[in-house]
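Full structure from sequences and hints, please.
These protein sequence lines map, in sequence, to chains W and A.
Quick note: the first sequence uses the UniProt record's numbering, first residue 1, plus one each step.
Quick note: the second sequence uses the UniProt record's numbering, first residue 1, plus one each step.
Be aware that one or more of the hints could be misleading.
[Stated by the list, open to error] Below, a list of computed lysine-lysine pairs in the DSS-like style, where the Cα atoms sit at most 27 Å apart:
#	chain 1	residue 1	chain 2	residue 2
1	W	K49	A	K173
2	A	K169	A	K251
3	W	K78	W	K220
4	A	K72	W	K92
5	A	K173	W	K248
6	A	K251	A	K173
7	W	K242	W	K215
8	W	K96	A	K73
9	W	K127	W	K215
10	A	K301	W	K54
11	W	K242	A	K219
12	A	K73	W	K248
13	W	K247	W	K124
14	W	K45	A	K301
15	W	K160	A	K301
[To be verified] Just some of the chain W residues that point at chain A, by a computed CB distance under 7 Å:
#	residue
16	Q286
17	V287
18	V292
19	Y298
20	H300
21	T307
22	D315
Calculated directly from the structure, the hints in this document are not laboratory data.
All C-beta atoms, glycine included, are put in the ideal place defined by N, C-alpha and C.
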Amino acid sequence: MMSEGSSFMKGLILGGIFCLVMSFFETFNSGTHSEGHEHLHHHLKPVSKDELQKLSESQMSDWTLQVRVYCLIMVTPKLLVHWATANDTWSKHCDKSVFYTSESSKALEAIDLQEQDEWARLRKAIKHAYENAGDLRWFFVARPTTYAIIENLKYLVLDKDPSQPFYIGHTEKSGELDYVEYDSGIVLSYEAMRRLIEIFKDEDRCPERGHALWKTPEEKQLATCLKYTGVFAENGEDAQGKGLFNKKSVSSLISDSMGQNPADVVEACCSDMAITFGGMSPSQIQVLMYGVYRLRPYGHDFHDSLTFLPPNDSDND
Amino acid sequence: SLVNCLLQTVMLNFLEGSCLSGLMIHKEQVNLSITNNHGLSLVGEDGTLADTLYKHVRILCWVMTGPNNLEKKARHVKATWSRHCNIVVFISSVDDPDFPTVGLNTKEGRDQLYWKTIRAFHYVMDKHGDEADWFLKADDDTYVIVDNLRWILASHSPEDPVYFGRRFKPYVKQGYMSGGAGYVLSKEALRRFVEGFRTKVCTHTSSVEDLALGQCMEKVGVVAGDSRDTLQRETFHPFVPESHLTGTVSKTFWYWNYCYYPIVQGPQCCSDLAVSFHYVDPSHMYLLEYYTYHLRAFGYKYRYQPPEPNVIQDFNAPDKVETGDIEEKLGVDQQEGEKKSPELNEKL
Numbered sequence: 001m002m003s004e005g006s007s008f009m010k011g012l013i014l015g016g017i018f019c020l021v022m023s024f025f026e027t028f029n030s031g032t033h034s035e036g037h038e039h040l041h042h043h044l045k046p047v048s049k050d051e052l053q054k055l056s057e058s059q060m061s062d063w064t065l066q067v068r069v070y071c072l073i074m075v076t077p078k079l080l081v082h083w084a085t086a087n088d089t090w091s092k093h094c095d096k097s098v099f100y101t102s103e104s105s106k107a108l109e110a111i112d113l114q115e116q117d118e119w120a121r122l123r124k125a126i127k128h129a130y131e132n133a134g135d136l137r138w139f140f141v142a143r144p145t146t147y148a149i150i151e152n153l154k155y156l157v158l159d160k161d162p163s164q165p166f167y168i169g170h171t172e173k174s175g176e177l178d179y180v181e182y183d184s185g186i187v188l189s190y191e192a193m194r195r196l197i198e199i200f201k202d203e204d205r206c207p208e209r210g211h212a213l214w215k216t217p218e219e220k221q222l223a224t225c226l227k228y229t230g231v232f233a234e235n236g237e238d239a240q241g242k243g244l245f246n247k248k249s250v251s252s253l254i255s256d257s258m259g260q261n262p263a264d265v266v267e268a269c270c271s272d273m274a275i276t277f278g279g280m281s282p283s284q285i286q287v288l289m290y291g292v293y294r295l296r297p298y299g300h301d302f303h304d305s306l307t308f309l310p311p312n313d314s315d316n317d
Numbered sequence: 001s002l003v004n005c006l007l008q009t010v011m012l013n014f015l016e017g018s019c020l021s022g023l024m025i026h027k028e029q030v031n032l033s034i035t036n037n038h039g040l041s042l043v044g045e046d047g048t049l050a051d052t053l054y055k056h057v058r059i060l061c062w063v064m065t066g067p068n069n070l071e072k073k074a075r076h077v078k079a080t081w082s083r084h085c086n087i088v089v090f091i092s093s094v095d096d097p098d099f100p101t102v103g104l105n106t107k108e109g110r111d112q113l114y115w116k117t118i119r120a121f122h123y124v125m126d127k128h129g130d131e132a133d134w135f136l137k138a139d140d141d142t143y144v145i146v147d148n149l150r151w152i153l154a155s156h157s158p159e160d161p162v163y164f165g166r167r168f169k170p171y172v173k174q175g176y177m178s179g180g181a182g183y184v185l186s187k188e189a190l191r192r193f194v195e196g197f198r199t200k201v202c203t204h205t206s207s208v209e210d211l212a213l214g215q216c217m218e219k220v221g222v223v224a225g226d227s228r229d230t231l232q233r234e235t236f237h238p239f240v241p242e243s244h245l246t247g248t249v250s251k252t253f254w255y256w257n258y259c260y261y262p263i264v265q266g267p268q269c270c271s272d273l274a275v276s277f278h279y280v281d282p283s284h285m286y287l288l289e290y291y292t293y294h295l296r297a298f299g300y301k302y303r304y305q306p307p308e309p310n311v312i313q314d315f316n317a318p319d320k321v322e323t324g325d326i327e328e329k330l331g332v333d334q335q336e337g338e339k340k341s342p343e344l345n346e347k348l
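Spelled out as structure tokens, the structure:
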């Protein structure tokens, strides 16, 4: 009896030690894995004005071409009003904008991916965009509930090389994983897209349909897959460190600031070069369009080094 | 004779005691106006054109408010757009040296609006007549973009009898300007307004401030100007941007019968160089300040390229005698401004 019991105990202890050792190895491995691909820039800022002024004419025009953006707007018929608003407003400022839907709607044009699962749909959209990018090298993924100022996105990535991997937005942390929040928009460079397409083929590390009982949000699945390819989330912010990607509306951010910084509401609130806002109604977006692209105080000029022309087919900007 | 008496007091400033006891005598030792000493510019921005206009198109803003609204409303005006005026005066029913506000011996209430207006214009003429070229009236729920007002006014002379605002057509032949959307008088217009009360050509006819003032303006030969931009788009607005841009002003509302010029709803309702909006609550004030002076699209080429007012060349001419006078006055203002309100001298 005693020998059976003690064998059992020995087995148990050995097994336990074995497990511990294995899990140590794993963390050690992933530890070295992440150290090998260093977090060089957790915070990503735009190029400085001084740097911009040093550019030659030809560099200027090179950058203007390089910085063109392909917008992937992930819609569903449930979000028809927001879909229509995005269609009428900010999507016109993308160099190419494609609406990807879960099912088609008679009212608006989109590529029908015929896919109810959001992660699977996102994967399909990414594949389609990569294959149809032409010579576009920057990609912006958003839901139609997000509003984006594409010119400011271009400003952020102006001096970044799209043949390097970039994965940018408002970053959040979930345990060990840094991910870009979907609700405030996701920016991917061409190289990040290329690596993503590759890892999509790996059903173990980047499965199309999750094996878990619970559903992991797409934003985290995306981050996990990218992490396997050595691409890490970076937080987009301005020269003062203010976040450029917001999931809240402008009025919501102003209200927060009135409560927290009553003496300096506007200064403390939001960046002058903000890229995204979320949760805004169509009429609020009309006001935002007017505020960004038209309303200004006479006699204050910026002499920006690059010029972006208004789109051909709109009247609200 | 009550009015006469008040006017004498205001004009002579240091006159004591010769009026009926109900009237307050302003023997001011404390300066209840705010003088800003230069324009405000953003980091990284070229504000030279705005600065030139600031020096040569001097605007005094007076804001209609009251003791109950200082914390609720006027405070946010003070924190936002009024910083861009050359001089700002908050008009109330009581003096408040802390805010500061000026009380001109009126009560509060809608029936006092024209009294406040009459006395406010007399007050600013008396105290600051030489320090400004144009005199703007606004409410504590009006948002004004003063730089854009300078663009419009730069093409006109302050010696012309003219006033600008959102023009309404009923009741007055040449029309009159909406009170809530704000209106601005040239120096000559202000002179004629004050003179009109001295000669009794103008009196307190009603408490409907904007209409009564419009009637006085017509009587004294002040022209109701056209404030629209070069594309005939309105610059002064009686409602918030959302109402005009999304076309949600109901067709049965008075508005539709009042506007002097054809009403446009949707994006062309409003000039890019809008001057004012009304019924703006505090959070909206900060929103508009953010949209106007902060948020922008990098490198974006605006569709509307407004022409530079011709007088800019005159302003920049080095041999103008007047420039010297203005610098002198600015020097005086600078000192005053720094003493009273140092925080207003900070750049954004």
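Check each numbered hint from earlier against the structure, then list the numbers of those it violates in ascending order. Result: hints 1, 4, 5, 7, 8, 11 break, sorted rising.
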